[in-house]
Amino acid sequence: MYKSITSICFLFVFVGVTAQQSKDSIPKDSIVYKTNYGLRVGIDISKPIRAMLQDNYSGLELVGDYRISKNWYAAAEIGTEEFTTKEDFTNSTSKGNYIRLGLNYNSYKNWLDMNNEIIIGFRYGFATFEQTLNSYQINSGNIVFPSETITTPITEDGLTAHWSEIQIGYRAEVYDNLFITFTGSYKVMVSITDPANFKTHYAPGFNRVYASNTGFGFNYTISYLIPFRKK
Amino acid sequence: MKNYYFFLLLITLLVSSCEKDDFCIDPITPNMIIRFYDATNPLETKAVTDLSVNPEGLEDLYTSTSLDSILIPLDVTSNQIIYNFSTGTNIDILTINYEVEEVFVSRSCGFKAIFNNVTITSDTANDWILGFTTSLDNTITITTIENESAAHVQIYH
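Here the protein sequences line up with chains A and B, keeping their order.
Using my numbering, read the first sequence as starting at 1 and increasing by one per residue.
Using my numbering, read the second sequence as starting at 1 and increasing by one per residue.
It is worth saying that the hints were derived from the structure and are not from the lab.
Just so it is clear, CB atoms sit at the ideal spot from N, CA and C, and this is done for glycine as well.
Honestly, I wouldn't trust all of these hints.
[Unchecked claim] Only some residues are given here: those of chain A computed to face chain B with a beta carbon under 8 angstroms:
no.	residue
1	90
2	138
3	139
4	142
5	144
6	147
7	197
8	198
9	210
Just chain A, same shape as in the assembly (with noise of 0.2 angstroms):
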């Protein structure tokens, strides 16, 4: 009994010290699981179905991104959007194009060969846009003297706008290197050009511009990533 317990305590002791060698010669994990590194690009895909459910706007958008190291991708969305903003007392339509450059992190921490993504990414969008006002009625406050509406557009172009943006998303791997990625956005304008005499309503790749200069946002998109190597 004693002899078989110290026999075994031998048998610890000297696994450890087999362990405590291989350790010195060999790498600590021969297995290494290698994820493709390369150009992704897509399309939002809420876009086109908004434009289907809503008569009062158009848009498209197309997203890449380019993996620069482990958590770190440059990514980047180019689109054009329509939109018209129907109020009580007016009716303005925005239309133009717009670019967002910055950075995604992936802050999901992937089992084995998995490559999916919790995104923080950060964002600088401009837009380049014109804004018509369709129609539009003085609110004169009184029912004595009803005002009429005028229906003479009024358009202004060269409108820019910049701002910053926090996105926060998910993406998943559904097929080999098919990704659907799902982000919210929120938005701070940095500056926006108003048409004289009037406001900015909308901004493409900002949506609606509220009062403190802040919007929302929203991507659905579906990317297809070309692997360039693996790493």
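For chain A, the structure is supplied; the task is to place chain B on it using the hints.
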């Protein structure tokens, strides 16, 4: 604790999504404010007894009241409006000429009108309105009417 943060975030989003530009709370097109003063004692206001006010061809805005100040709207679709001011059966006709300037207020309020170069003329026949100034002029020009913070016109009677 985690739920608490989530709840806080949700509240923040709810508060920020219901912004002040959803409701029109800013001042819009101003009315003309008229105060009635005593012609014999020009520093004192004096109520008009049995006062009726109506825009020409339209219904009364004030009927047989006794007031020392009134509000009258101007027509933003026109450059002239004629008002009948009467005390009892004594009618005085006021012709108001003005220019309309459109000013954007906010998303929910839209545009308001402000009135420039407002000229008021009172007819001299059958007068109970003696004038618009302490020297009892029958016509007066106001540079602009852009808010309702003070009376725009003084009527001495």
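Comparing the hints with the structure gives:
1. Hint on residue 90(A) holds. Least Cβ distance to chain B is approximately 5 angstroms, under the 8 angstroms limit.
2. Given the 8 angstroms rule on beta carbons, the hint for residue 138(A) holds: about 5 angstroms separates it from the nearest Cβ of chain B.
3. The criterion of a C-beta within 8 angstroms of any C-beta in chain B is met by residue 139(A), whose closest approach is roughly 4 angstroms, and the hint holds.
4. The criterion of a C-beta within 8 angstroms of any C-beta in chain B is met by residue 142(A), whose closest approach is roughly 4 angstroms, and the hint holds.
5. With a cut of 8 angstroms, the hint placing residue 144(A) at the interface with chain B holds, because the nearest CB-to-CB distance is about 5 angstroms.
6. For residue 147(A), the interface hint holds, since its Cβ comes within 8 angstroms of a Cβ in chain B; the closest pair sits about 5 angstroms apart.
7. Using the Cβ-Cβ criterion of 8 angstroms, the hint placing residue 197(A) at the interface with chain B is satisfied: the shortest such distance is roughly 5 angstroms.
8. Evaluation of the residue 198(A) hint against chain B yields a held restraint, the C-beta minimum of about 5 angstroms falling below 8 angstroms.
9. Taking 8 angstroms as the C-beta cut-off, the interface hint given for residue 210(A) holds, the closest approach to chain B being about 5 angstroms.
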